[in-house]
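Protein chains: 2
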Amino acid sequence: MKESLNYIHKIQKELSIFGGIGALLDWDQKTYMPTQGATERSDQISLISRLSHERLISDELWKHIRMLSNHDVLNKLEEKDQIVVKRLEKDIEKARKIPPEFVEELSKTTSLAYVAWDEARENNNFNRFSPYLEKIVGLQKRYCEYIGLPGHPYNSLLDDYEEGMTVEQLKQAFSYLKPRLVEIFTRIKDSELFRKQQNLKLKFDADDQKELCYFLIKKMLMPSDRTRLDVSTHPFTTSVGNDDVRFTTNYGRGQPLFAFFSTLHEAGHALYELGLPKDDYKDTVISDAPSVGLHESQSRFWENMIGRSRYFWNYFYPIFQKSLPQQLNDMDLKTWYFYVNMVEPSFIRIEADELTYCLHIILRFEIELDLIDGNIKVSDLPRVWNEKMNELLGVVPKTDTEGVLQDMHWSGGSFGYFPTYAIGTIYASQLFKKIIEENPNIYNEIDKGEFGNILSWLREHVHKYGRLMTADEIIKKACGEGLNSKVFVNYLKDKYYNLYDI
Amino acid sequence: MKESLNYIHKIQKELSIFGGIGALLDWDQKTYMPTQGATERSDQISLISRLSHERLISDELWKHIRMLSNHDVLNKLEEKDQIVVKRLEKDIEKARKIPPEFVEELSKTTSLAYVAWDEARENNNFNRFSPYLEKIVGLQKRYCEYIGLPGHPYNSLLDDYEEGMTVEQLKQAFSYLKPRLVEIFTRIKDSELFRKQQNLKLKFDADDQKELCYFLIKKMLMPSDRTRLDVSTHPFTTSVGNDDVRFTTNYGRGQPLFAFFSTLHEAGHALYELGLPKDDYKDTVISDAPSVGLHESQSRFWENMIGRSRYFWNYFYPIFQKSLPQQLNDMDLKTWYFYVNMVEPSFIRIEADELTYCLHIILRFEIELDLIDGNIKVSDLPRVWNEKMNELLGVVPKTDTEGVLQDMHWSGGSFGYFPTYAIGTIYASQLFKKIIEENPNIYNEIDKGEFGNILSWLREHVHKYGRLMTADEIIKKACGEGLNSKVFVNYLKDKYYNLYDI
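Order-wise, the sequence lines are chains A and B.
Adding 480 to a residue's 1-based position in the first sequence gives its number in this note's numbering.
Adding 480 to a residue's 1-based position in the second sequence gives its number in this note's numbering.
Misleading hints may appear alongside valid ones.
Stated by the list, open to error - Stretch-level coverage of chain A by chain B, calculated; a stretch enters the list once three of its residues show a Cβ under 8 Å from a Cβ in chain B:
| hint | region |
| --- | --- |
| 1 | 498 to 508 |
| 2 | 512 to 522 |
| 3 | 526 to 539 |
| 4 | 665 to 678 |
| 5 | 700 to 708 |
As the list claims (entries may be wrong) - Using 25 Å as the maximum straight-line C-alpha spacing, the simulated DSS-like pairs for lysine-lysine come out as follows:
| hint | chain 1 | residue 1 | chain 2 | residue 2 |
| --- | --- | --- | --- | --- |
| 6 | A | 490 | B | 588 |
| 7 | A | 615 | B | 588 |
| 8 | A | 510 | B | 588 |
In case anyone wonders, no lab produced these hints; they're calculated from the structure.
Even glycine gets a Cβ: it sits at the ideal position worked out from N, Cα and C.
Between the sequences and the hints, there should be enough to build the whole structure, so can you do that?
Now the structure itself:
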């Protein structure tokens, strides 16, 4: 028993080390790696993934886990070890369902598919990508068979990102959300303020942006000896270690506030990573997020609920004005607040505002389901995409580059991932509602740029659990109920009807 | 046969990938890693080293190598595979001589010793370090027994850094070098120019330094898509891949030209790494430097023979003047050239000038030999060090921090490493003499800031061989003779008697 316990802790430690190394290889590739290093980097990442996967599915580890998870043995373990054993058994059982040949085939296909997608998008040529996407859809279906969760086949895909979540639950949440988002959006488009609105033309030097971003993360209590903020094309967050969490932003994008909001967003992810359970659970499967959606709830919480609130800008707008006096001194706070929340129909998901964002997600979820169900074919996608865009957002992209080809997710075989963006957003609104209920004074703190109590609340009600519970269980414990899109809709109505004088 | 060949190539490829990953982990630790990441980083580096070492000494690999190196089989292989098999067999045979327990003991001891050394130096307290150094000296002796090369035990240490080099050869080279360096140094100290010389007080902004360093490496034809220049406390060069070579400098040191000369130095290492054999030998043991000394010859060549020459400054000094007009416009080229070559007795090796540098090395070599021979005890070191400093350089450090504790090498167990600095310097002078003989026009090219032919010559006569030959063989082929300190002494006399009007 002792030997098996030591063995599984040794392997978990190695898996955790491999995870950190893989994170560094990936981070470096996206931040500092010379361009010609890409081929060798891909070999490096493959080797680490392979070694890590081999350990996870090895017969030796399985033997020890089975020994420990035997009822009589399990009951003799300390509680924390019982938890680890059960969690690890579930992970390995799932991983062992997938034949190694399948893993290899998927990996080869997606790496070719990425290149094809990239070229297809570059040249607005969906046909360049479609044969690969067809193959990937086929592989996703096979994957669902291997995993074989009850209910809809797509549940097996969802489960990788949002454990326990089902198509049925999502359909319910989205069938409430979709018409209401469309309704709010329609009323906004009919409003006078919408007709009169125009985008600000802000000139914002990279150095000024950077200074404000660093000021922001300092106010968010980001520990500078355990984190880094760098620059990459697409912002992201990764953990090289428990004490080495890295996130990125980009000061060079067209939109002047892109860097500031993406820093807020990624800092939310980073603070979550820093708050995951250590002590008893360091270097175990528990010290991780239970779902992508819960991770996303943390970034959305900071980016939208905090960062696009009036209270936040009460504090930060004067600081922005000081940084850009010539451009902002004549603009009042109300105008600025309107500007950072302005709703605009857009083709591109990652540029969407807080209101329309989830419509982009629902569109993708519906398409993924239809592909897995065989209701539509890959060749139908450009047409279906544009029809749905028209239905949900009232705009039709002129090219597939701006439409069905905009996201890289499908080229990577990440079916089931998109919904987590909406789940995270809804969770964030629920957490926000709860924190305000419990601490009505929070508004005054945000007003003063004080985020310590917010962070403590998130640490206490979300971060500290890691994978001790599922995301659903954590949200239920924190908010008294699971995924509830009503809360999100009410939040949006409050905010946007006010903003647009409706 | 085919199977064994595939196997050894697969393992070499893995070793090469591990090497790149290890290099990235190390590079990142010294450049960007948040301070608190150190503990986990050390776990990451250990795991990669262990996996790599396990593969190198595995019975499986040894079995295949022995099969292939059998005379009858070997003769049937392609020539390039024969070369790889013989080289790899030699490496593995050596690695397998060291018991894994010893590797672990050395690794544990040096990691404690590093901490002790760091504190000892910080507090000028040799006794904090000496117990660890004693243990390390003992381990070095045991290492010599395991390896067991003929002749002096220290040969087995030397061989790790400078394959084939012996104590006998080094004693011969240094017994020529030492009195002559002392003589040149003495004559300089007696000169009028030495008595009158004073250091320049140059104010040199980091941004200006950086601009000049990037201009320099562009002139050196450093490919920006395969390399990076970053900042670290101590400059270094490492290869994350054949197409991803990274070097560093430091703009914040007291000496205003430190960054420029260390960039030149490290760029020399980087250009060598980029020139190592690919094609037939990519991801094999051949695609590496045959010795640390030969590597150092490349950095010294660029730093000293090129970068401290009159011709070099004919081109670069006007550029420096443009960058620092207020400080340099009134100074002529001759004064500047004197300044960048000025000789000064110094306690600190890494701050030493081109002339006295090798005296610092000879001192360390003599001490290492005496420790291994048991002629002196670790407790004698502070006294011995100071006596030798007085003898060779005529100065005695006031503290052990500035004396025997200045270098970290011994804390890492790197006995036999120091001599490579002198070997590299001597090799560099030999290569320089040869390149000028073969291309008298090189001076005119340096004069114009053109380094293409120099780089091609080094590629052709040094870089392209990798480990196809030993350093000694490469130098013999290029220069017509092996290590020859006379060439270096003549170079120094020419340069310094001229500089000091002797």
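Do the hints match the structure? See the list:
no.: 1; hint: 498 to 508; result: holds (count 6)
no.: 2; hint: 512 to 522; result: holds (count 9)
no.: 3; hint: 526 to 539; result: holds (count 3)
no.: 4; hint: 665 to 678; result: violated (count 0)
no.: 5; hint: 700 to 708; result: holds (count 6)
no.: 6; hint: A/490 x B/588; result: holds, 19 Å
no.: 7; hint: A/615 x B/588; result: violated, 51 Å
no.: 8; hint: A/510 x B/588; result: violated, 34 Å
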